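Chemist: Sequence:
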Amino acid sequence: MFDSYEWNTIEGKGNAENLTLLSLSTCGFCRSARQYLKDREVAFRYLELDTLPPEEKTELKGEFKPNSAGALLFPPW
1 MFDSYEWNTI EGKGNAENLT LLSLSTCGFC RSARQYLKDR EVAFRYLELD
51 TLPPEEKTEL KGEFKPNSAG ALLFPPW
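With this note's numbering applied, the sequence shown closes on residue 77, and no number is skipped along the way.
Keep in mind that the hints were calculated from the coordinates and are not lab data.
Predicted model only: the values in this text are computed from it and were never measured.
We put the CB at the ideal spot given by N, CA and C, even for glycine.
Treat each hint with caution, since some may be false.
[What the hints assert, rightly or not] Simulated restraints, written as ranges between beta carbons of each label pair: (1) Pro66 with Asp39: 34 to 42 angstroms; (2) Lys57 with Glu17: 20 to 28 angstroms; (3) Pro66 with Gln35: 12 to 20 angstroms; (4) Gly14 with Ala69: 27 to 35 angstroms; (5) Pro66 with Lys13: 28 to 36 angstroms; (6) Ser25 with Gly62: 19 to 27 angstroms; (7) Arg31 with Lys57: 14 to 22 angstroms; (8) Asn8 with Glu63: 12 to 20 angstroms.
[To be verified] Straight-line alpha carbon distances no greater than 20 angstroms define the calculated EDC-like cross-link-like pairs of lysine to aspartate or glutamate that follow: (9) Lys61 with Asp3; (10) Lys65 with Asp50; (11) Lys61 with Glu6; (12) Lys38 with Glu17; (13) Lys65 with Glu55.
Build the full structure now, drawing on both the sequences and the hints.
Modeler: Here it is in structure tokens:
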């Protein structure tokens, strides 16, 4: 899962592939979470979902849909 996406990777302690953050570029809480991890020098990778091309958004939603209780309503990307 997620192997085909171009990740933003932040170097730090540990392996960035062990901590994955799915975020929105406009989300203040997402920015705060990234900053929190950076301040503690934790390695992680993240995707800003609202910046993905439409076909990648559709593909990503398809990966999550089988595990959701219903329609994926948030985030509205």
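Chemist: Tell me if the beta carbons of Ser25 and Gly62 are separated by a distance inside 19 to 27 angstroms.
Modeler: 22 angstroms, holds
Chemist: For the pair we were handed, Lys65 and Asp50, check the Cα-Cα distance against 20 angstroms.
Modeler: Status holds; Cα separation ~17 angstroms.
Chemist: Kindly confirm whether 27 to 35 angstroms is satisfied by the beta carbon distance between Gly14 and Ala69.
Modeler: This hint holds: roughly 32 angstroms between Cβ atoms.
Chemist: May I ask you to test the hint 28 to 36 angstroms on the CB atoms belonging to Pro66 and Lys13?
Modeler: This hint holds: roughly 33 angstroms between Cβ atoms.
Chemist: 20 to 28 angstroms was suggested as the range; check whether the CB atoms of Lys57 and Glu17 agree with it.
Modeler: With a Cβ separation near 22 angstroms, Lys57 and Glu17 satisfy 20 to 28 angstroms, so the hint holds.
Chemist: Looking only at beta-carbon atoms, does the pair Arg31, Lys57 fall within the given range of 14 to 22 angstroms?
Modeler: 20 angstroms, holds
Chemist: Return holds or violated for the Cβ distance of Pro66 and Gln35 against the range 12 to 20 angstroms.
Modeler: 33 angstroms, violated
Chemist: Determine whether the Cβ-Cβ distance between Pro66 and Asp39 falls within the hinted range of 34 to 42 angstroms.
Modeler: This hint holds: roughly 36 angstroms between Cβ atoms.
Chemist: Starting from Lys61, check that the Cα of Glu6 is at most 20 angstroms away, please.
Modeler: 16 angstroms, holds
Chemist: Could you tell me whether the CB distance from Asn8 to Glu63 stays inside 12 to 20 angstroms?
Modeler: Holds: the Cβ-Cβ distance is about 19 angstroms, inside 12 to 20 angstroms.
Chemist: Keeping to a limit of 20 angstroms between CA atoms, is the pair of Lys61 and Asp3 held or broken?
Modeler: Given that 20 angstroms is the threshold and the Cα spacing comes to 15 angstroms, the pair holds.
Chemist: Between the alpha carbons of Lys65 and Glu55, is the straight-line distance 20 angstroms or under?
Modeler: 15 angstroms, holds
Checked against the numbered hints given earlier, the structure breaks only hint 3 and satisfies all the rest.
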